[in-house]
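Q: Given next are the chains, with one letter for each unit.
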Amino acid sequence: MENLIALLVAAPLLGAAVLLCGGRRLDRIGHWLGTVLAAGSFLIGAVLFVDMIGKGADDRALHQKLFSWVPVESFQADIAFQLDQLSMTFVLLITGVGTLIHVYSIGYMEHDERRRRFFGYLNLFLAAMLLLVLADNYLLLYFGWEGVGLASYLLIGFWQHKPSAATAAKKAFLVNRVGDIGLSIAIMLMFTTFGTFAFGPVLEATGDTGEGKLTAIGLMLLLAACGKSAQVPLQSWLGDAMEGPTPVSALIHAATMVTAGVYLIVRSGAIFDAAPTAQLVVTVVGAVTLLFGAIVGCAKDDIKKALAGSTMSQIGYMILAAGLGPIGYAFAIMHLVTHGFFKAGLFLGAGSVMHGMNDEVDMRKYGGLRKYMPVTFITFGLGYLALIGFPGLSGFFSKDKIIEAAFAAGGTQGWILGAATLLGAGLTAFYMTRVMLMTFFGEKRWQPDADGNEPHPHESPSSMTIPMIVLAFGSVFAGGFFGIGDRFVNWLEPVTKFEHPHPPISIPVITGATIAVLLLGVAAAYLQYGRKPIPVVAPRGSLLTRAARRDLLQDDFNHVVLVRGGEHLTRSLVYLDHKGVDGVVNGTAAAVGGLSGRLRKLQNGYARSYAVSMFGGTAILIAATLLMRAV
Amino acid sequence: MSFPLLTATAVLPAAGAILTAAVPAARRTAAKWLALLFSLGTLVLAAVVLVRFEPNGDRYQLTESHTWIKDFGVHYELGVDGIGVALIALTALLIPFVIVAGWKDADPLETKDNKRWRPTQGFFALILMVEAMVIISFEATDVFLFYIFFEAMLIPMYFLIGGFGDRAHSGTDEAAATQRSYAAVKFLLYNLVGGLIMLAAVIGLYTVTGTFSLSEIAELRANGGLEMSTNVERLLFLGFFFAFAVKAPLWPLHTWLPNAMGEATAPVAVLITAVVDKVGTFAMLRFCLQLFPEASKWATPAILVLALISIVYGALLAVGQRDIKRLVAYASISHFGFIILGIFAMTSQGQSGATLYMVNHGISTAALMLVAGFLISRRGSRLIADYGGVQKVAPVLAGTFLIGGLATLSLPGLAPFVSEFLVLVGVFAAYPVVGIIATSGIVLAALYVLVLYQRTMTGPVKAEVSGMKDLKARELTVVVPLIVLLIGLGVFPKPLTDIVNPAVTHTMHDVNKQDPKPEVEAAK
Chain A
1 MENLIALLVA APLLGAAVLL CGGRRLDRIG HWLGTVLAAG SFLIGAVLFV DMIGKGADDR
61 ALHQKLFSWV PVESFQADIA FQLDQLSMTF VLLITGVGTL IHVYSIGYME HDERRRRFFG
121 YLNLFLAAML LLVLADNYLL LYFGWEGVGL ASYLLIGFWQ HKPSAATAAK KAFLVNRVGD
181 IGLSIAIMLM FTTFGTFAFG PVLEATGDTG EGKLTAIGLM LLLAACGKSA QVPLQSWLGD
241 AMEGPTPVSA LIHAATMVTA GVYLIVRSGA IFDAAPTAQL VVTVVGAVTL LFGAIVGCAK
301 DDIKKALAGS TMSQIGYMIL AAGLGPIGYA FAIMHLVTHG FFKAGLFLGA GSVMHGMNDE
361 VDMRKYGGLR KYMPVTFITF GLGYLALIGF PGLSGFFSKD KIIEAAFAAG GTQGWILGAA
421 TLLGAGLTAF YMTRVMLMTF FGEKRWQPDA DGNEPHPHES PSSMTIPMIV LAFGSVFAGG
481 FFGIGDRFVN WLEPVTKFEH PHPPISIPVI TGATIAVLLL GVAAAYLQYG RKPIPVVAPR
541 GSLLTRAARR DLLQDDFNHV VLVRGGEHLT RSLVYLDHKG VDGVVNGTAA AVGGLSGRLR
601 KLQNGYARSY AVSMFGGTAI LIAATLLMRA V
Chain B
1 MSFPLLTATA VLPAAGAILT AAVPAARRTA AKWLALLFSL GTLVLAAVVL VRFEPNGDRY
61 QLTESHTWIK DFGVHYELGV DGIGVALIAL TALLIPFVIV AGWKDADPLE TKDNKRWRPT
121 QGFFALILMV EAMVIISFEA TDVFLFYIFF EAMLIPMYFL IGGFGDRAHS GTDEAAATQR
181 SYAAVKFLLY NLVGGLIMLA AVIGLYTVTG TFSLSEIAEL RANGGLEMST NVERLLFLGF
241 FFAFAVKAPL WPLHTWLPNA MGEATAPVAV LITAVVDKVG TFAMLRFCLQ LFPEASKWAT
301 PAILVLALIS IVYGALLAVG QRDIKRLVAY ASISHFGFII LGIFAMTSQG QSGATLYMVN
361 HGISTAALML VAGFLISRRG SRLIADYGGV QKVAPVLAGT FLIGGLATLS LPGLAPFVSE
421 FLVLVGVFAA YPVVGIIATS GIVLAALYVL VLYQRTMTGP VKAEVSGMKD LKARELTVVV
481 PLIVLLIGLG VFPKPLTDIV NPAVTHTMHD VNKQDPKPEV EAAK
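Protein chains in written order, with the UniProt record's numbering: chain A, 1 to 631; chain B, 1 to 524.
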């Protein structure tokens, strides 16, 4: 059975290779080939899953070693896979949602002349993401980690002729590279501390070293997670990443790649469990980001950017849960999976709306679309209800558990984290209701564009609506299926360990409070966006609104400090290199012995004479030495 | 006596150079094919060396030894260890690509009188001559023999830089000629000064040891018959190191490289940075560490600082460049910083990483620079600002350029990642702070590569670019094998590490160093 693991990665990798090198003759079948290989990977995953649940809970993990990758003395990295319950969860999510999004893209990218290449990149992404979650050591995980970064770069910048897309792609890659410093240093620390960086040996040996080392490793892993999962302070790239085609936003920048940071922390649980300081920082980063993303999400008029703020915020929930230790790991992953369903569904819905609206993304130019695209409306609506945590739907089960666990963190910390998650739930309800109302309700607000083309909103083709319907099912039922009877927790328990959270207030009170803030958020949004007509041009807004529209000014900070500062630095260095370093060296050369004047006569520009004088010089020196010896 | 394989590997390209130069003026194409044939023959011989070499056998293999100048203690001594084998293979591998990529770079201009145009023959002959000298430098186990070829290769390089400039330049032909000869003279003077200082040290070494032979010196040292005071050892070390640091090049001796690489044609720029400069870093491993182990350790802190400056400084300067080829040159300076860092970390990972880095940097820079050359030859400009939107009109060119760039920024999955990470780990194990500062190179490399790609390849198509043709068959035969190698060595570098690791074990033994133990083990 374990020999199948490599095939999981190999199938989409083959697709990427064939589609990217195949040339135009594959244009007609490329998208089908890509989709079939994604589905094939899903089927292999399903077979492995069935096999896995047939075994006892404690011996489900499979290993497959392919070959030795980088062997230098004690530094030994293998290309080897590990498939346990945690990896399996991701495999099914990645290949399942991935296949649906391949199907959706067939319709969405139909009129793009580079559709074959798009599918090649999507397959490349699947292969890299599977490598990331299947690796059995941190260096191979790094391989997958950068692989998804590359796929993300290529896909954000898929429409490279747009300068904004090219800039956004570059920004995403660069910010992620800052995170990569964290991952590199973490691996180096593991190597110098434990002599290895394979999951098994490292995570078993955490007791052999001091808390200081583990805290350092934990914080470095967190830095990596912040980059990949768009957490404060490395969150600035995610909003811009919406320049990519919408299926990419759904798959990479909502359901899978951006959650890799959560995977990294949960996978490294043993390190964090032994480093409480690092855990505290993780929860703080999660709490800050969940509020940050929610506030940004409230102010955006671009439907994809509003959803991107929401993604950031929801991943903040997951990171926070992962920072809580064994009471939170399983819930972090459970929310990750349900979020994968409903956020992917919401993005596909947004893509469907844009498809019918001439690629307009400004929600102020939508309105009343429920009449024109009923399937999109219903599936998007179910995703919306799931995301805000409407009782009975997926998000209700998974988010509620994180709020309980946050309160259970204990002491003041517990109250602060709990309050943040509750406040976040209210904000989530607000911004999502706002998106819903601005898009599907009210009067139509679109107008002909500059060329006089008026959008004719229409429902999307079935290749697009079917994936949306499937994901809507997941959004409605997955949470209940996972949550009732602790099914999901029991499934992951052998890998992530589990302790029941014991919040200081009773669970029904927390659930009640969650529902109350949810209703408050919905009501506030209704009062502002449901009762009153929505202006087509955004009002000036309060100071906070204006700041939130600019992603709470982080880009402005980056621009002034990093971009401008960096430009000045490089410019002055270029000047200095020419005038300074070069000048000093040349000057010294000229000054030596005051020979420059006489040398100038010799510099007659004939290379021959240089060569002759060089040989002459050497010959004299050799002769002199020989003479010395003779004497 | 067995067949002198190592001599043959160097003599074959030298013979090729002479024959190529002798081809009549009108038979330019024949001269090109002849040069290519000889470079491929050399590649075959290098492959035989690779096969015959036993990684776990003696330190130096396939040795040849003859007394040359008896009175002077000079021997014609050749031998290769794993590091030398890897670099000979790299050299022999890259030269055919350099020749094919430069196929038209020395053709007569249309306005000139074609019949009497001879420089084409000279161009290819000089490339083969450089190959021969570089290969013998990698083989020499006699200090004086090494020195002669280390210096002699300056002559063909000087003519290649000064005589065959990049035809894409801004300004008049005359101004371009001035810049070119400035670059060539600067290259020559820097390296000559380095070489002269080294010559003094070489002679000094002889007066101390009475021989130039590495094996004899090693014997003396083992028997305790070597009397070298600390100060003398340090002085001699500095003399050698200075020459190698100019060649490598290390900050602040780097300024000749951007001029030389900018003005030379792209294939010659590859020859400089991917092949000739490697002799400098190779020699640090072979001569500095082996002959002067204590002085090497004494100088380590200062060298690590200079290497760190090279990494950061080179990368920042690369970000600020407006000329594509100068950008690649500064990127190389940053990468040479990594190589030197790995060598002087004095750990197995650092030194194996540094050796791998030399090979991988050669391949990745060749890929990036040669595609850049193809791009520049189409538009006739080296300035980044003159490009934009190329991916729309020449997607294959843009794609291969991106892969070359991704290799330059050490993306996992491509060969340079393996070597860069090994260097970082090796340095971190011995000097954690240095290792952490060096990781800044990870971000800066991404910055200069992606900015270059964005400005040249993406965005709206510029009018001057709109008619640009995609890569031709000849160009693809250069680029595709290099990319395959980058991926192959990125995923499966084991054949290379198997050859290099035992050699590094010897070098570690020379300097009497052991890898630091992991904390957990040390505690037990």
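Source of the hints: derived by calculation from the structure; they are not laboratory data.
Any given hint might turn out to be false.
[Unchecked claim] Here are the simulated DSBU-like pairs of lysine-lysine, each with C-alpha atoms no more than 35 angstroms apart in a straight line: (1) Lys65(A) <-> Lys494(B); (2) Lys392(B) <-> Lys365(A); (3) Lys444(A) <-> Lys371(A).
[To be verified] Label-pair restraints from in silico Cβ distances: (4) Gly23(A) <-> Val433(B): 48 to 54 angstroms; (5) Glu73(A) <-> Ala523(B): 39 to 45 angstroms; (6) Pro516(B) <-> Leu569(A): 31 to 37 angstroms; (7) Lys55(A) <-> Ala523(B): 34 to 40 angstroms; (8) Gly488(B) <-> Ile29(A): 25 to 31 angstroms; (9) Pro391(A) <-> Ala523(B): 50 to 56 angstroms; (10) Ala523(B) <-> Gly485(A): 53 to 59 angstroms; (11) Ser377(B) <-> Glu73(A): 56 to 62 angstroms.
[Said to hold, decoys possible] To spell it out: a stretch of chain B is covered by chain A in this simulated footprint if at least three of its residues, at any positions, have a beta carbon under 8 angstroms from a beta carbon of chain A; those stretches are: (12) 126-136; (13) 166-178; (14) 221-228; (15) 348-362.
Keep in mind it's a predicted model, so treat the numbers as computed, not measured.
The beta-carbon is built from N, C-alpha and C at its ideal position, and this holds for glycine as well.
Q: Taking the hints in turn, state whether each one holds.
A: Against the structure, the hints come out as follows:
1. Lys65(A) <-> Lys494(B): Given that 35 angstroms is the threshold and the Cα spacing comes to 15 angstroms, the pair holds.
2. Lys392(B) <-> Lys365(A): Holds, at roughly 32 angstroms.
3. Lys444(A) <-> Lys371(A): Judged against 35 angstroms, a Cα distance of about 10 angstroms means the pair holds.
4. Gly23(A) <-> Val433(B): 48 to 54 angstroms: Given about 50 angstroms between the Cβ atoms, the range holds.
5. Glu73(A) <-> Ala523(B): 39 to 45 angstroms: 20 angstroms, violated
6. Pro516(B) <-> Leu569(A): 31 to 37 angstroms: Given about 35 angstroms between the Cβ atoms, the range holds.
7. Lys55(A) <-> Ala523(B): 34 to 40 angstroms: With Cβ atoms ~37 angstroms apart, the hint holds.
8. Gly488(B) <-> Ile29(A): 25 to 31 angstroms: 28 angstroms, holds
9. Pro391(A) <-> Ala523(B): 50 to 56 angstroms: About 53 angstroms separates the Cβ atoms of Pro391(A) and Ala523(B), which means 50 to 56 angstroms holds.
10. Ala523(B) <-> Gly485(A): 53 to 59 angstroms: For Ala523(B) and Gly485(A) the Cβ distance comes to about 45 angstroms; the hint is violated.
11. Ser377(B) <-> Glu73(A): 56 to 62 angstroms: 45 angstroms, violated
12. 126-136: This one is violated; 0 residues, fewer than the three required, reach chain A with a Cβ under 8 angstroms.
13. 166-178: Since three or more residues must qualify, the claim that chain A covers the stretch 166-178 of chain B is violated, with 0 doing so at under 8 angstroms.
14. 221-228: violated (count 0)
15. 348-362: Holds: 4 residues of the stretch 348-362 of chain B have a Cβ under 8 angstroms from chain A.
Checked against the numbered hints above, the structure breaks hints 5, 10, 11, 12, 13 and 14 and satisfies the rest.
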